[in-house]
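**Q** Chains as they are written, first to last, in the working numbering: chain C, 124 to 235; chain V, 927 to 1039.
Source of the hints: derived by calculation from the structure; they are not laboratory data. All values reported here derive from a predicted model rather than from experimental measurement. Treat each hint with caution, since some may be false.
Stated by the list, open to error - Below, simulated BS3-like cross-link-like pairs (lysine-lysine); rule was C-alpha separation at most 30 Å, straight line:
1. C/K192 - C/K181
2. C/K192 - C/K172
3. C/K181 - V/K968
4. V/K983 - V/K1004
5. C/K191 - C/K181
6. V/K1004 - C/K191
7. V/K1009 - V/K968
8. V/K968 - V/K983
9. C/K172 - V/K1009
10. C/K172 - V/K983
11. V/K1004 - V/K968
12. V/K1009 - C/K192
13. V/K983 - V/K1009
14. C/K191 - C/K172
15. C/K192 - V/K1004
To be verified - Here are the simulated distance ranges between beta carbons:
16. V/N954 - C/I183: 39 to 47 Å
17. V/S992 - C/L179: 27 to 35 Å
18. V/E1011 - C/T128: 43 to 51 Å
19. V/E994 - C/T220: 15 to 23 Å
20. V/N954 - C/Q165: 43 to 51 Å
Glycine residues also receive a C-beta, built at the ideal position from the N, C-alpha and C atoms.
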Amino acid sequence: AQSVTQLGSHVSVSEGALVLLRCNYSSSVPPYLFWYVQYPNQGLQLLLKYTSAATLVKGINGFEAEFKKSETSFHLTKPSAHMSDAAEYFCAVSDNTDKLIFGTGTRLQVFP
Amino acid sequence: EPEVTQTPSHQVTQMGQEVILRCVPISNHLYFYWYRQILGQKVEFLVSFYNNEISEKSEIFDDQFSVERPDGSNFTLKIRSTKLEDSAMYFCASEASGGNEQFFGPGTRLTVL
């Protein structure tokens, strides 16, 4: 069965600092992996996805993630945090059935 | 840009009452999903729907839940007799045929008193 583990329920960074949000997955089949962002009182917006093409995936708002099969990881990074990046970030995995299995989320705080 | 819409944005109901949550998926999409997020918890899969039938459902989706696509545009989630623990944000999502991206609606916040 597929599962996702997000290390760190809260991450705080200073504006301009590197953002690193961790995600490890477990999957018995080649996975599709996703990062979604949820701003307060809003729905889920797709940041980026990995679907077995390039292992380094670039998404919206300057975010990117690297699929590392050997480490079963799909960490999300952004070189320079912006105040508007403050939100909840969810990593998700899907298998052949297409349903998404979400991690518990990481709340990103950005300080001036 | 096409988007998934959901109504109402907030529904308050008494325990034991029936509720229907409505979703309008993106028009050319063929796969539909419901997820829920209890306050402070992760998003959980409820059910997927394709070709007018349920493709997969989670253990959360018991006999109190049902889904329907009553016409060519709406996709509904019905909870027959709500419980306090049904209070959550409910998200609808849709996906195109051959696609691998689910588009989410803004959610309906259900509060059961």
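**Q** Run every hint past the structure and note whether it holds.
**A** Cross-check of the supplied hints:
no.	hint	result
1	C/K192 - C/K181	17 Å, holds
2	C/K192 - C/K172	15 Å, holds
3	C/K181 - V/K968	24 Å, holds
4	V/K983 - V/K1004	14 Å, holds
5	C/K191 - C/K181	15 Å, holds
6	V/K1004 - C/K191	41 Å, violated
7	V/K1009 - V/K968	19 Å, holds
8	V/K968 - V/K983	17 Å, holds
9	C/K172 - V/K1009	35 Å, violated
10	C/K172 - V/K983	24 Å, holds
11	V/K1004 - V/K968	21 Å, holds
12	V/K1009 - C/K192	42 Å, violated
13	V/K983 - V/K1009	19 Å, holds
14	C/K191 - C/K172	14 Å, holds
15	C/K192 - V/K1004	40 Å, violated
16	V/N954 - C/I183: 39 to 47 Å	22 Å, violated
17	V/S992 - C/L179: 27 to 35 Å	43 Å, violated
18	V/E1011 - C/T128: 43 to 51 Å	25 Å, violated
19	V/E994 - C/T220: 15 to 23 Å	21 Å, holds
20	V/N954 - C/Q165: 43 to 51 Å	24 Å, violated
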